[in-house]
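There are 2 protein chains.
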Amino acid sequence: MEKHILVTNDDGVTAPGLLALVAEMKKIGKVSVFVPDRNWSGGGHVKTLDRALRVKETRLADGTPAFASDGAPSDCVALATLGFLKEPIDLVVSGINNGANLGHDVTYSGTVTAAMEASIAGIPSVAVSLELLENHVSDMDYAPSARIARKVVERVLANGLAPEFLLNVNVPYLAHDQIKGFQMTRQGLRVYHSRLDERVDPRGRAYYWIGGDAPTGVAERGSDVGALADGYVSITPLQLDLTAYRALSEINTWNWQDD
Amino acid sequence: MEKHILVTNDDGVTAPGLLALVAEMKKIGKVSVFVPDRNWSGGGHVKTLDRALRVKETRLADGTPAFASDGAPSDCVALATLGFLKEPIDLVVSGINNGANLGHDVTYSGTVTAAMEASIAGIPSVAVSLELLENHVSDMDYAPSARIARKVVERVLANGLAPEFLLNVNVPYLAHDQIKGFQMTRQGLRVYHSRLDERVDPRGRAYYWIGGDAPTGVAERGSDVGALADGYVSITPLQLDLTAYRALSEINTWNWQDD
Numbered sequence: 001m002e003k004h005i006l007v008t009n010d011d012g013v014t015a016p017g018l019l020a021l022v023a024e025m026k027k028i029g030k031v032s033v034f035v036p037d038r039n040w041s042g043g044g045h046v047k048t049l050d051r052a053l054r055v056k057e058t059r060l061a062d063g064t065p066a067f068a069s070d071g072a073p074s075d076c077v078a079l080a081t082l083g084f085l086k087e088p089i090d091l092v093v094s095g096i097n098n099g100a101n102l103g104h105d106v107t108y109s110g111t112v113t114a115a116m117e118a119s120i121a122g123i124p125s126v127a128v129s130l131e132l133l134e135n136h137v138s139d140m141d142y143a144p145s146a147r148i149a150r151k152v153v154e155r156v157l158a159n160g161l162a163p164e165f166l167l168n169v170n171v172p173y174l175a176h177d178q179i180k181g182f183q184m185t186r187q188g189l190r191v192y193h194s195r196l197d198e199r200v201d202p203r204g205r206a207y208y209w210i211g212g213d214a215p216t217g218v219a220e221r222g223s224d225v226g227a228l229a230d231g232y233v234s235i236t237p238l239q240l241d242l243t244a245y246r247a248l249s250e251i252n253t254w255n256w257q258d259d
Numbered sequence: 001m002e003k004h005i006l007v008t009n010d011d012g013v014t015a016p017g018l019l020a021l022v023a024e025m026k027k028i029g030k031v032s033v034f035v036p037d038r039n040w041s042g043g044g045h046v047k048t049l050d051r052a053l054r055v056k057e058t059r060l061a062d063g064t065p066a067f068a069s070d071g072a073p074s075d076c077v078a079l080a081t082l083g084f085l086k087e088p089i090d091l092v093v094s095g096i097n098n099g100a101n102l103g104h105d106v107t108y109s110g111t112v113t114a115a116m117e118a119s120i121a122g123i124p125s126v127a128v129s130l131e132l133l134e135n136h137v138s139d140m141d142y143a144p145s146a147r148i149a150r151k152v153v154e155r156v157l158a159n160g161l162a163p164e165f166l167l168n169v170n171v172p173y174l175a176h177d178q179i180k181g182f183q184m185t186r187q188g189l190r191v192y193h194s195r196l197d198e199r200v201d202p203r204g205r206a207y208y209w210i211g212g213d214a215p216t217g218v219a220e221r222g223s224d225v226g227a228l229a230d231g232y233v234s235i236t237p238l239q240l241d242l243t244a245y246r247a248l249s250e251i252n253t254w255n256w257q258d259d
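Residue numbers (my numbering), protein chains in the order written: chain A, 1 to 259; chain W, 1 to 259.
Just so you know, these hints were derived from the structure itself, not from any lab.
No residue lacks a Cβ here, since even glycine has one placed at the ideal position from N, Cα and C.
Check each hint, because a few of them may be wrong.
From the structure, some residues in chain W lie toward chain A, with a derived Cβ separation under 7 Å [unchecked claim]: (1) Gly42; (2) Lys47; (3) Ile120; (4) Tyr173; (5) His176; (6) Ser194; (7) Asp241.
Now the in silico label distances, taken between C-beta atoms and shown as ranges [unchecked claim]: (8) Arg221(A) with Trp254(W): 16 to 26 Å; (9) Arg199(A) with Leu85(W): 16 to 26 Å; (10) Ala143(A) with Asp141(W): 56 to 66 Å.
Please work from the sequences and hints to get the whole structure.
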């Protein structure tokens, strides 16, 4: 039976990465599109409970029907899976994000947290992000990364993926024949270069940007950062059990009895 | 030397749980308060980069000076640690949240993601949440949980905590002498009962609430849910490496060569 694939993203309904991803997903199943109506980058794993959400029927640039909501990417997945879409969803794919999601990025990322929401709903999910070049162009070519996304989704559908896992896929910005292959990786180390940027508005009041340079990373072998730096597609299986098991016994030895 | 403790929360500057926590933290160190100016529950791990943030100098109900920002809890920690506070911060404590943060709650939770932000900044951190009773009262007593929070923070300061770990502390809603003790736990299983609640506005347009009953959990021994159900304080060490190491080898066996 044809698979039903939900496509979402965090760059919003007009993002070219979404368009490229949807085009590839249509080759392997029935596609529903449910995305935020605006950019939600860095928005984190949101569950909107304090306000109602609107859903608009719209179309992507190629005419594909899409639902756009004023919620976060994870809200879009929640709405879709809670019954807004009547047909059961076999897989959720989120992206293609404009910029890699590596290391500690994963809990901030709207792309990845949308996939987390699917995982919590018991649906296999894949987040796909494309590396940004330092001097990035506005008309990035998402076609090679969308083709990669299809290959990954095909393998998930063929092999099955326990819903407690999700795949975080990062694609180097290279032509298709320059990509060296796939590497299964661990989550690596991001290095953030955020800086507090204090300014004064025309009325003399201070305001603050979280500024600074874009994050870099430690390109260790076997990590997502390392794979990308070497020209490989990085595939990191993630889980939502964040327990630091190796810290448990240490903390257990602390004296918890005395006041 | 006196320790410098940053207190934040996700229920905002007027929350009674913040007041109780600050009062206890003052007993063990110098306290700075930097919190959101409104409730951010379920707001996720936010990094606000698309707008500037405002910071207001204010006071808590007991007169304690506090900074309140229009950013998320994690933004408050980012601003504070990036240089808004001039003195180095030894520990970040977030809470006391009005409601437990168990199982999959941790990536949604503003309380926990504020602690994650501290962890990423290399600062030991503790998130503290108080169980909500089913028929919860508006004037909850945060004093026992604040006393628990102080005990936990004292132990972290005494023993040290590698910054890649953070502690997620959940306190049962019991009188101090009814709390059975501390249990070091793993992240348990939340069971969400969300339901799509479609309504129609006075102008005939649909809108959607993420509704349904409050989440429950699987009260397994050794888990956060189980400890709380048994009347213990649950202490779960969390980490920000979400790699599903046990899935890595399985996924490696998939055929990644063929097109």
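Hint by hint, which ones does this structure get wrong, listed from lowest number up?
Structure breaks hints 4, 5.
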